[in-house]
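Novice: Listed below, chain by chain, are the residues.
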Amino acid sequence: MTTTESDGPMTTESTAASKGGPATARSPRALAWQRRRHSAARFWKQYRTHHAGVFGLAALGLCALIALTAPLTVGSDVQSVTDAPGDPMESPSTEFPLGTDQFGRNLLGLVVWGARVSLLVGLLAAVLSVAIGALIGITAGHFKGWYATVMMRITDWFLVMPTLVLAIALATVMSRSLGTIILAIGVTTWPTTARLVRAQTLAVESRPYIERAKALGGGHWHIMTRHVLPNVMPLVLAQTTLIISSAILAEATLAFLGLGDPTVVSWGGLLQDAREAGAVSAGKWWYLVPPGVAIAVVALAFTLCGRAVESVLNPKLGVAR
Amino acid sequence: MNTQDQHHRGLLRPRLVAAAGAAALTLTAGLATPLNPAPHQAQAKENKKVLTVAVAQSVDSLSPFLASRLVSTSIHRLMYEYLTNYDPADNHAIPGLATKWEPSADKLTWTYTIRSNSKWSDGQQATAEDAAWTFNKMMTDEGAATANGSFVGNFKKVTAPSATKLVIELKKPQATMAALDVPIVPKHVWEKVGDFTKFNNDKQFPIVGNGPFILTDYKPDSYVRLKPNKSFWRGAPKFDELVFKYYKDGDAAVAALQKGEVSFVSGLTPAQSTALKSQQNIKVNDAPGRRFYALATNPGAQAKNGKKFGDGAESLLDQKVRQALFLAIDRKTLIDKVFQGHAVEGEGYIPPRFSTYFWKPEASQQLTYDPARAAKLLDEAGYKKNGDGKRVEKNGKPINYRVLCHATDPNDKAVGQYLKEWYGKLGIGVTLNCLDNVTDPWLAGTYDLAFDGWSVNPDPDFVLSIHTCGALPATPKDTGATDNFICDKKYDELYDQQLAEYDTAKRADIVKQMESRLYDTGYMNVMAYPNAVEAYRTDQIKSIETMPKAAGNIYGQDGYWSWWSAVPAGSSGESSDSSSSTGVIIGIVAGVLVLAGIGAFFAMRRRSTAEDRE
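Protein chains in written order, with the working numbering: chain W, 1 to 321; chain S, 1 to 614.
The following block holds chain W by itself, in its conformation from the complex (with noise of 0.2 Å):
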């Protein structure tokens, strides 16, 4: 079924226009996928603008390349305390240039080791968080009615309750795994995303298209998914973006705060580690320094990406580029 396809508010009528060309040879599949690539095209060419999204996506892409190649680079051994090279916290030293650990691990793997953890956390919280969001957001446009105050009361009813306070008590009842933690952000930090889409989802249905679609015949899952989700999903990329970065400093927050798993390194873990040991009271700035770089490097990177990806994307800002 291929009726309205549209990518975003203001590409629908443009890209007819300006590449209508040869239209009669080509399906309207290869249409509508050479469409997709000329919006690609052109945001990129509008995100390049922004310096600071060029920044943050190279950050990122950086960071991206180092936790994926970790295995080659580190190898897991670097985790084992039985195996540890050094002697206990360690100076930084040509052999350990950021130093070790209380075990006399290397630092350096640790944090390169530890990025696994935080991104892999940071990218699934974020993708359940705005899953969520965005499931209840639609429907609760959609439906109206009763189905959606009691979805929006609950929705303020998270939205009012403080995050931390909510994620700490989920992840001291369940077992302490990294499930725990990604669920625990997850069901914490959805109520803003569904806020958001539900807004937009009330402004793409009052379009006259979708009455026409529903006169048509479209039900309420066509609707739904071929008309309001198109038009939500710039709002929702955008939006994940930013939520990871938060995703990721409540990983870390939860980390530090003695509710991840001991035996799993990841940035939060290895400043809690730090902390237990006296790290800080002794003055060992090596072992509390680089996985807090580390953290603040990636969330400002993911912030960057986010608001540079919104800016091309969110039609109320972007119209006079």
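Quick caveat, the hints were computed from the structure, so don't treat them as lab data. There may be inaccurate statements among the hints.
Short, incomplete list of chain S residues facing chain W, as computed with Cβ under 7 Å [claimed, not checked]:
id, residue
1, Ala255
2, Thr269
3, Ala271
4, Gln272
5, Ala275
6, Val344
7, Ala407
8, Gln417
9, Lys420
10, Leu432
11, Cys434
Every residue gets a Cβ at the ideal spot worked out from N, C-alpha and C, and that includes glycine.
With chain W fixed as given, assemble chain S onto it according to the hints.
Specialist: Chain S only, in chain W's frame:
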């Protein structure tokens, strides 16, 4: 009196649920307390010498009939006088509330002479009647026997023929008669108490007592405040006030010590003690501890009525498996890496500091680090590796032990990581289950292995009693005095023998046999005897007594010696007033910084949206 370091027992209280939140807000707690106006009313008085001790463990109860944690029992030592006390130099029994004690010829009737110069803080005389009432209450009321019931289990009759004479009649001889670690409470106050299982002694202040200090105020997880008992018979303490202040975070406590906000910090990590050693005005005390640090095995939780409960791993019922778990642990590495030399390698159940009862395994029975032998034992026991290199239970499932660990203890987590790798090489999986409150799974027996640790008294009776069948809970729903549900016939026989043996040398011999038996069963793997690593400010405390005098600890002594003997330094009197204002200043500065940060953030946001709108 039993003295428990870890949080694994004690009655369940809603407060424990809040512990997670409290732990999360550690840094704010450090700031909030000095900002609290109430504790500082008294400081208007010039030159008041306050001894502030940083503590982390929550008080389980201020009632001596319920308390079993180290912090609570240490405070009870300060509040109430016991019949006897331990000499700070060599731990022998010396007069407390009783001036002398003697047995009858058959050693079944003990007569104590109660001193006439000890007064309760409300002015009434402390008499033999108070002591008799305390013991009788514990013998007749199950609720009052919760904490120290093991001392009176063998008592037939306790009477007070006169104000200065206490007579205890026994069913069988009992070796602990000069070491009855039971706080004596004032009858005229406590006879009004209804339900002893519910009364926590924390409603009316000051609490009536006759020890060297009088408890004047208490706020859970915030502070415990005591004032000196000026008429204490052994002499009044030198400080004007003693405060136990809560720092749930070790590093925050050390920072407070460096700033002079607290006078004393215990439980230092190796890094902290090294850093503090090089600082001026701070003395680090690193002495052999009275604690053992062990890995306890769930031997299949059971109650006295024979009912089994919990879900401990099937394979742990096999002695060979338990011994293999012993063999897989390299204790020397733990001492070198985790404790960094601030501990002694674990062997028998009782730490070497108590040389009379210290026992070492013979070469033939010793289970030192030997992974190859461990693997062989496991193979012999029938727990072979499957295709994935994992050992499997008899029901075919891969073995994975849940290790209960205290989220508040960094050592548990560190040792846990070593266990995971050592056991992993044997083909046994390990899941570290670190909780703020391990009490619930512990009492329910829903664990396989658990980190365990007890402070040992000069008289080892209590720590031995917690592994007898008699200490098991009556039914699965009850709470017993048992540590980890061990019930071993041979061990129990030896326990009864040692309790009835008055000759110290002979008794020590039996106790060593008990330790040997416990070692062979493989239920309690004593990994280390951690040192007491603590530090105090020499510009606030001039001198303080350790116990034992040569190389002893300060916090958690078997007596009140440290705080009672502490002498304030100089009379400059700067300490606590300036510190409280430091707290306020830090709080204000932090607040201003946060506000400025938020302001800057919103300003930037506003600017960025304005730019975007252009």
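Novice: Look at each hint and say if it fits the structure.
Specialist: For each hint, the structure was consulted:
1. Ala255: Because about 6 Å separates Ala255/S from the closest Cβ in chain W, which is inside the 7 Å limit, the hint holds.
2. Thr269: 4 Å, holds
3. Ala271: 4 Å, holds
4. Gln272: 4 Å, holds
5. Ala275: 4 Å, holds
6. Val344: Interface hint status for Val344/S: violated (18 Å vs cutoff 7 Å).
7. Ala407: Since the shortest Cβ distance to chain W is 5 Å, the answer is holds.
8. Gln417: Check passed: Cβ of Gln417/S comes within 5 Å of chain W, closer than 7 Å.
9. Lys420: 6 Å, holds
10. Leu432: Result: holds, 6 Å to nearest chain W Cβ.
11. Cys434: With a closest approach of 6 Å, the Cys434/S hint holds.
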